[in-house]
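> Going by our numbering, the sequence shown opens with residue 1, and the numbers climb by one from there.
If you are wondering where the hints come from, they were derived from the structure by calculation, not from laboratory data. We treat Cβ as the ideally placed atom computed from N, Cα and C, and that holds for glycine. Treat the hints with care, as some may be off.
[Unchecked claim] So the derived label-pair ranges between C-beta atoms look like this: (1) Glu151 x Asn35: 30 to 36 Å; (2) Lys92 x Glu20: 33 to 39 Å; (3) Glu96 x Lys15: 20 to 26 Å; (4) Ser153 x Leu128: 24 to 30 Å; (5) Lys15 x Leu128: 31 to 37 Å; (6) Phe137 x Lys49: 17 to 23 Å; (7) Pro139 x Asn52: 29 to 35 Å; (8) Ser18 x Ser101: 29 to 35 Å; (9) Ser27 x Glu104: 32 to 38 Å.
[Unchecked claim] The calculated SDA-like cross-link candidates involving lysine to any residue, where the alpha carbons are at most 25 Å apart (straight line), are: (10) Lys30 x Asn52; (11) Lys58 x Gly99; (12) Lys23 x Ile107; (13) Lys82 x Leu34; (14) Lys15 x Gly99.
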Amino acid sequence: MVVVGRPSIVVIMAKFLSKEQEKTIVSAIKEAELNTSGEVRLHIEPRCKTDNAVERAKEVFAELGMHETELHNGVIIYVATKDHKMAIWGDKGIHEKVGQSFWEDEIVLMKKYFQADDYESGLRDAILLVGQKLKEFFPYQKNDVNELDDEISYGGKDHE
């Protein structure tokens with residue numbers, strides 16, 4: 001259900017995403033969720049609090065209450081900027097539908113952009129592709145509600 005990647009990038013910006021880039025990412029999350037009952041979250045922190053980014057993504061998934069979605073169709077994209085780690089964790093409802101190769105493809109896509117220092121595009125494109133898969137398997141229903149906050153969640157003292 002998870003994929004971890006270790007891109008060879010160097011974060012040299014004072015902040016991982018600018019305020020404008022954050023707005024773009026939040027807009028992508030809203031767009032990704034527009035036609036689905038699924039939920040997408042992005043969590044960014046400077047350091048991965050475990051040895052394994054997948055384990056940390058699972059921890060954050062639980063901390064954010066993503067396991068409580070009705071259809072178990074939440075997806076978290078996790079990035080530890082200073083440790084150069086990333087992971088995607090999809091709850092069992094969506095993972096059963098898309099399989100491991102989908103998550104692996106998303107990590108490869110993000111790595112490609114991250115290696116070119118284009119974090120905004122990598123995150124945006126990955127979020128939108130996740131949204132397309134969620135829409136395919138969990139289309140929007142009249143009574144759907146946004147079960148989780150669309151804002152980027154941050155961990156750590158600084159928001160790099």
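> Determine for every hint whether it applies to the structure shown.
Status of each hint after checking the structure:
Between Glu151 and Asn35 the beta carbon distance is about 20 Å. The supplied range of 30 to 36 Å is therefore violated. The given range of 33 to 39 Å is respected by Lys92 and Glu20, whose C-beta atoms sit roughly 35 Å from each other. Our hint of 20 to 26 Å for Glu96 and Lys15 is violated, since their Cβ atoms are close to 37 Å apart. Remark: the range hint 24 to 30 Å for Ser153 to Leu128 is contradicted by a beta-carbon distance near 19 Å.
Distance hint check for Lys15 and Leu128: the Cβ-Cβ separation is about 23 Å, which falls outside the suggested range of 31 to 37 Å. Between Phe137 and Lys49, the C-beta spacing of about 31 Å breaks the proposed range 17 to 23 Å. The given range of 29 to 35 Å is respected by Pro139 and Asn52, whose C-beta atoms sit roughly 34 Å from each other. Our hint of 29 to 35 Å for Ser18 and Ser101 holds, since their Cβ atoms are close to 33 Å apart.
Roughly 26 Å separates the CB atoms of Ser27 and Glu104, a value that falls outside the hinted 32 to 38 Å. Restraint check: the Cα-Cα separation between Lys30 and Asn52 comes to about 29 Å, which exceeds 25 Å; the hinted pair is violated. A C-alpha spacing of about 17 Å is found between Lys58 and Gly99, which places the hinted pair at or below 25 Å, so the restraint holds. As the CA atoms of Lys23 and Ile107 are separated by approximately 22 Å, the hinted pair is consistent with the 25 Å bound.
With a C-alpha separation of about 32 Å, the suggested pair Lys82 and Leu34 falls outside the 25 Å cut-off, and the hint is violated. The straight-line distance between the Cα atoms of Lys15 and Gly99 is roughly 33 Å, outside the 25 Å bound, and the hint therefore fails.
Figure legend: structure checked against the earlier numbered hints; hints not met, in rising order: 1, 3, 4, 5, 6, 9, 10, 13 and 14.
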